[in-house]
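Undergrad: Below, each chain spelled out in residue letters.
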Amino acid sequence: MSREFPIGIRTGGLAVDGIPNGAAEEADAVRTAIAELQRNVRRWDRIGVDYAVIDDAPTPVTGTLLSRLVPTHVAGYLAATTERIGLVPVINPAFQEPYYVAKRLATLDLVAGGRIGWLLQPDYSGEIARLFGRQPVEENVQVRSIVLEFVQLAAAFWHSWEPGAVIRDRENDLYFDVGRIHRVEHQGAHFTVRGIASIHSDSQGTIPVLAAHDFSAGAVGAARIVSAATRVNPSQDAGAEGPAGTSTGPVVGATAELVVSKDSARADVDLADWIVREIASLVELGWGGVLLRPDSFAVLDEVVLPALAQAGYLGSGGSVGTLTSLLHQTIRSAPEGETA
Amino acid sequence: MSRTEPARRLHLGIFYPETSAVVDWSHPNAGPLNDFDTYRHTALKAQEGLFDALFLGEGALFPEHFGALSPHNVYGEPDRDTILAALAALTTHLGLVATINTAFSDPYDIARRLATLDHLSDGRVGWNVVTSAGALKGEYFERGDAVAHEDRYRRAEANLVAVRAILDAWPARGLSASYFDELIRADVRLAPRISVHSSLLTVDAPPVLPPSRQQRPVIFQAGESNDGLAFSSRYSDALFVPYQNAEDLGDYAHRLETQLARVGRSRASIKVLPRAYVIVGDSTDDARDQAEAYDSFVWRDSQVRQFLERAWGRTLPDLDLDGPLPEEDPVFDQRLDSARFTLQKIASSDRLRARIDGWRSEAAERGWSARQFVRAKHPQQGFFGTGEEVANSFISLFERGLADGFLVHNNIPKHTVDQIVDRVVPILQDRGVYPRRYASDVLARNLGAV
Numbered sequence: 008m009s010r011e012f013p014i015g016i017r018t019g020g021l022a023v024d025g026i027p028n029g030a031a032e033e034a035d036a037v038r039t040a041i042a043e044l045q046r047n048v049r050r051w052d053r054i055g056v057d058y059a060v061i062d063d064a065p066t067p068v069t070g071t072l073l074s075r076l077v078p079t080h081v082a083g084y085l086a087a088t089t090e091r092i093g094l095v096p097v098i099n100p101a102f103q104e105p106y107y108v109a110k111r112l113a114t115l116d117l118v119a120g121g122r123i124g125w126l127l128q129p130d131y132s133g134e135i136a137r138l139f140g141r142q143p144v145e146e147n148v149q150v151r152s153i154v155l156e157f158v159q160l161a162a163a164f165w166h167s168w169e170p171g172a173v174i175r176d177r178e179n180d181l182y183f184d185v186g187r188i189h190r191v192e193h194q195g196a197h198f199t200v201r202g203i204a205s206i207h208s209d210s211q212g213t214i215p216v217l218a219a220h221d222f223s224a225g226a227v228g229a230a231r232i233v234s235a236a237t238r239v240n241p242s243q244d245a246g247a248e249g250p251a252g253t254s255t256g257p258v259v260g261a262t263a264e265l266v267v268s269k270d271s272a273r274a275d276v277d278l279a280d281w282i283v284r285e286i287a288s289l290v291e292l293g294w295g296g297v298l299l300r301p302d303s304f305a306v307l308d309e310v311v312l313p314a315l316a317q318a319g320y321l322g323s324g325g326s327v328g329t330l331t332s333l334l335h336q337t338i339r340s341a342p343e344g345e346t347a
Numbered sequence: 232m233s234r235t236e237p238a239r240r241l242h243l244g245i246f247y248p249e250t251s252a253v254v255d256w257s258h259p260n261a262g263p264l265n266d267f268d269t270y271r272h273t274a275l276k277a278q279e280g281l282f283d284a285l286f287l288g289e290g291a292l293f294p295e296h297f298g299a300l301s302p303h304n305v306y307g308e309p310d311r312d313t314i315l316a317a318l319a320a321l322t323t324h325l326g327l328v329a330t331i332n333t334a335f336s337d338p339y340d341i342a343r344r345l346a347t348l349d350h351l352s353d354g355r356v357g358w359n360v361v362t363s364a365g366a367l368k369g370e371y372f373e374r375g376d377a378v379a380h381e382d383r384y385r386r387a388e389a390n391l392v393a394v395r396a397i398l399d400a401w402p403a404r405g406l407s408a409s410y411f412d413e414l415i416r417a418d419v420r421l422a423p424r425i426s427v428h429s430s431l432l433t434v435d436a437p438p439v440l441p442p443s444r445q446q447r448p449v450i451f452q453a454g455e456s457n458d459g460l461a462f463s464s465r466y467s468d469a470l471f472v473p474y475q476n477a478e479d480l481g482d483y484a485h486r487l488e489t490q491l492a493r494v495g496r497s498r499a500s501i502k503v504l505p506r507a508y509v510i511v512g513d514s515t516d517d518a519r520d521q522a523e524a525y526d527s528f529v530w531r532d533s534q535v536r537q538f539l540e541r542a543w544g545r546t547l548p549d550l551d552l553d554g555p556l557p558e559e560d561p562v563f564d565q566r567l568d569s570a571r572f573t574l575q576k577i578a579s580s581d582r583l584r585a586r587i588d589g590w591r592s593e594a595a596e597r598g599w600s601a602r603q604f605v606r607a608k609h610p611q612q613g614f615f616g617t618g619e620e621v622a623n624s625f626i627s628l629f630e631r632g633l634a635d636g637f638l639v640h641n642n643i644p645k646h647t648v649d650q651i652v653d654r655v656v657p658i659l660q661d662r663g664v665y666p667r668r669y670a671s672d673v674l675a676r677n678l679g680a681v
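Residue numbers (our numbering), protein chains in the order written: chain A, 8 to 347; chain B, 232 to 681.
The following block holds chain B by itself, in its conformation from the complex (with noise of 0.2 Å):
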């Protein structure tokens, strides 16, 4: 049993999630998803387990389903900025990660927004760059689509490249007489405008503040896609995934280093932080139990439902979830496939009816009814067992160089990170792979990024 503090250490971050199939609200321990006090529990007992950082996402819409909203989905999305500055407020070490999308924000805005930020935490700002903005359309914007789908890689790091130049270009000269205030206007003037006039972006805009204690935020990003890896391994401090297992990563690793071998980087500049599910148990037993509930929760007949009119393309009145496969015909309308109810895209209408003939044959080789079948299309993914259980697996995988650390999915708001804190860390802890206390209050330097 190891006192010392780690070497090469195992990372924490907490992944708040603002709506998602899989939030289960109906949970007896659940805060309410969107109150500012579910915030605050989430963020101060995530620091009392000394995480590196919390996670807030951005750009879910209302659930809507065929046109018509719907009301069993959870849902809400405060304003993540104006939530990480409460945050910072009450927290002194916790690094505050932001989502901030390059399609509908300029780049002027974005490095005075997460300057503010970096500054009123003191240097624990992280900025999740995402190039669009999750499932937001151009419909809700006044500039309305203004970037094409291919385009979205291209004005992402145009975006980028201007948000640090920015925030790198306050004069590194010192000051020298008694007004600060008075001296950075007198600097500024001597200091180059950024400039950048091109067909992805336009910007002209002086330096906005001086850097932070932490330079400039911590880059995070998803990077899954061939680009996106592209795009992570010249700018990404950190990349959350979403694989869970070490097959998974295994090919995720091979991907990413081949990727920053051709930048030149290393793979330990890189934190690499699957997302997580985790559910803690008394006993395995136990754990299996809370799994199995949640999984029925996230599966309930609503959302087995949505997820089979989603796949036919229609409406299934007539369905009968414990019945077999709808025999409709479905209906191909590309607008509604959609990666988060994790079906892939199907580029024509013949394709979409050879893959719903493949789902009916096996359905009934199987003998599985509607809902049988959707279940089985999902096998639950996570770390399910007791605290020591699923400590043993992360520290698996990161021992094995799989994983940095984990971006535990606070799927229970307010219980998850309490299980997690409570009974996970502190056998991390006595494993000798997680710290006792925090090695900074600066998230570059508790994430190793500089």
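Chain A with its partners taken away, still in its complex shape (with noise of 0.2 Å):
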């Protein structure tokens, strides 16, 4: 992760060609899924993808196959396997614990050295709201505020161990600097918390978390949001869009996504060639990343890879960093008025 354009690619319709009919193969059809997914991230790995954004659909009847794994235990599963992509999971809040999710995503970042993010995708809805025995959350305003204070909740647990709280002295008998423990004693308009992570944050203390874009402005605490996905293929609007200029508060980039399938392009037109054109052009418009939202492994691994490769969008694998030093080189990319 070390380039100025990030390149992510988002998991969640991610389709398996050739999975096996019949009931009795579905937890087949389930393991092959797993397999390509891994096999490709790992090549993905390889080649200098940034990093993947793992989907989620949590009832069956929406998203694919993949997507209905918990994104959070599939970011687990690859991470072990991989060494410098980044791993984003989608993180629905509604109805979690800010405790839970703050531990996951330390856990994950531990277990991934760093290269952990959040794609924070609020959804208060009454399916959701159901699945949990609760009761929806129907006002944007309301499902805002919420989840600010959500997000806010989670940082003051990622910084509630400093780094360096482990000593291990073993000649003194302690094995924590108490001095840099600190307790979460938080009473919002949302959430009444206190209490203590179990775990250190070591590995980037702040997980990024991407976010919609109505959700980063006015991002309050230590939480670092970035804006992700403000606008799906821009570059094809009618009149070509760089990144809206509102934002306001701790928003530190503008990530476009593009949806990439094998007719993407026009008829007359080489795929190869038109996703070249478009990261070009969303470049030129002042996008900090894109986010490719491909619909199957086929078409990114014939075409789009190899076309991003030759035209150097691709790192070559060079040193292993965070996902947050990779999202700083967003920060710097973004147009004017983009950052806070």
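Hints are not guaranteed to be accurate.
Stated by the list, open to error - Distance ranges between label pairs, derived from CB positions: (1) D268/B <-> V276/A: 18 to 24 Å; (2) G133/A <-> D581/B: 40 to 46 Å; (3) R201/A <-> N623/B: 45 to 51 Å; (4) P170/A <-> D581/B: 45 to 51 Å; (5) P170/A <-> D268/B: 52 to 58 Å; (6) R50/A <-> T433/B: 57 to 63 Å; (7) R187/A <-> K608/B: 44 to 50 Å.
Said to hold, decoys possible - Negatives, chain B to chain A, calculated, CB over 12 Å: (8) R311; (9) R496; (10) R582; (11) I626; (12) Q660.
To be clear, the hints were calculated from the coordinates, so they are not data collected in a lab. Remember, predicted model here, so these are calculated numbers, not experimental data. We treat Cβ as the ideally placed atom computed from N, Cα and C, and that holds for glycine.
Put the two chains together into one complex; each comes in its own frame, and the hints tell you how they fit.
TA: Rendered as structure tokens:
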């Protein structure tokens, strides 16, 4: 992770070809899909894709097979066998406990050595609420308020152990420097929580949070929020757009999403040429990075990634860095008025 | 010496402590407790030793002592699911057991997490069902104290039944067109939702994922109390118990069989795995010396002092550990009574005072200092000896039907598992009670739970 225009891949739309049919083989189908994802992400890791977003479709009526698996678990599984690629699970904070979400992300970051991000995708709708026996939250303003407080609280847990809190001083029977441990004492509009994280977050300290535009502005506390997915295929809109400039607060970049399928380019345009031109135009328009949204592994493998590698958009497996350091590149490359 | 696979075989698991007064973090061979490398090492070594499973607990809090953070106790608890998901990618046969509480977790969430882990590991997941979140209190959570103490087993049962229903609800009919996902969507619309509306929990959820090769996670439970045992006898595939000697295990076996008979289950349908503290030495004397060194660490000054202060319900600034037990009056504060420090719950101030008086008399009569008293009250338990002696002790309990195997407590991170796998397992194999290869790469089949 070392370049100036980070390229990520969303896994949510990825379908696996050749899945066998029949109920008796469903476990095999899931196994095949997981193996295919792992094989591909390891390949992306080697060729220099910057990060993968692990999507979330919490009920079987939406999303693909892969996105019904818990994204943080899939990220943990992938983290163990990759070295450089950032891994960004989608987490819907609705009806989750900030303590647990903070703990899960800190643990992922420990396993991945600082390569973890969090794509914040709030959904407090009735369909989600009834899974948990709760009431939906309908008002956007209310959702936004809950979510921002949730993120603030998660960050407070990440910071409850300062780096170097574990000292393991055998001589003096001191496992901790308790001066570096801080209790979270939070009383807000939506949460009242008191406690201490169960794990240090030494790898990145603060896990970078990617959020849809609505949730980025105005985040408070120590959380670092990166605006993502503010436009889908922006250069294809009638008046090719750069990132919107309404953000205030600790928003540090803007990432465009680009839907990629074998039909993305017009019939008379070569897909490889199309993707390279699209990315060049996003750079030109002032976007800080791109998140590809492919619908199959094959289109990535056969066309998109070779074309991006050839055009110099993919790193060649340079130094191992944190996702935060990668996103700092995004901050620097974000256009005027976009950074906090 | 048998070279064939044993019919009834001994099982081994490794319990990875997350915090404890009994983790020797100062041992020269101890790995850093919370580094992922220590988890990886432990899992791979356990798999090399054909262990059924790695077992992760949950719910410990940052150590505090009378409101102050304690610098002496090892602590750190990464998220269990995440560690197990990562280990699933690095192992092929080892079972992966997650502790998930039923107090602060919702059935739909638990079902999805377990189903995901079971698929990532391709059928190697177990669920240790706990009724509360260990020492975790409601103050950590948005929802607060969700379950009254007396309702915890009812809530656990409702939760477990709902989780199973969600996991089992995947439609059994085959699929019929080219795209798996489209078909799953089509089929699921025909499947019932799992709806529970009770005072204990509410859920209205569709099936989550197709079943794994294991069908459903193996259920583990502690089940020591009568309520716990009643729960376990209905739902558990395996039990882990704190007893390590024949007498205690015999009593437990009797209680268990009574409960199993009530629900029509045979003793053979459930595995009993005592938690085992193990120290392997080059000789009997060496093992004894190591055990003594370990015990001295466990009961180092800070721990003796903390024990007494908790027992007295107050800080004891003038306490001389080599002098008599404190003369100060104890202070009754029920919140400080904690089974984690082996003190039995005490119902009243008078009973606390009576107990402390009894301790003082006993210590005076025997001429024990405060330190000696505390050590005497905590006799060392476990399996200490050469590899052969430890194996013999295991085999003795196994052959008498008091244990189906052992959940080894990895008290010295990295070191303990190395010792067992290198020095005890080969003897168990030579004695014909332990396999020479995995029977399966599915946890339930290895454990004989199917």
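Undergrad: Give a verdict on every hint.
TA: Evaluation of the provided hints:
no., hint, verdict
1, D268/B <-> V276/A: 18 to 24 Å, "49 Å, violated"
2, G133/A <-> D581/B: 40 to 46 Å, "55 Å, violated"
3, R201/A <-> N623/B: 45 to 51 Å, "50 Å, holds"
4, P170/A <-> D581/B: 45 to 51 Å, "49 Å, holds"
5, P170/A <-> D268/B: 52 to 58 Å, "18 Å, violated"
6, R50/A <-> T433/B: 57 to 63 Å, "44 Å, violated"
7, R187/A <-> K608/B: 44 to 50 Å, "34 Å, violated"
8, R311, "9 Å, violated"
9, R496, "27 Å, holds"
10, R582, "31 Å, holds"
11, I626, "36 Å, holds"
12, Q660, "29 Å, holds"
Comparing the model with each numbered hint stated earlier shows that hints 1, 2, 5, 6, 7 and 8 do not hold.
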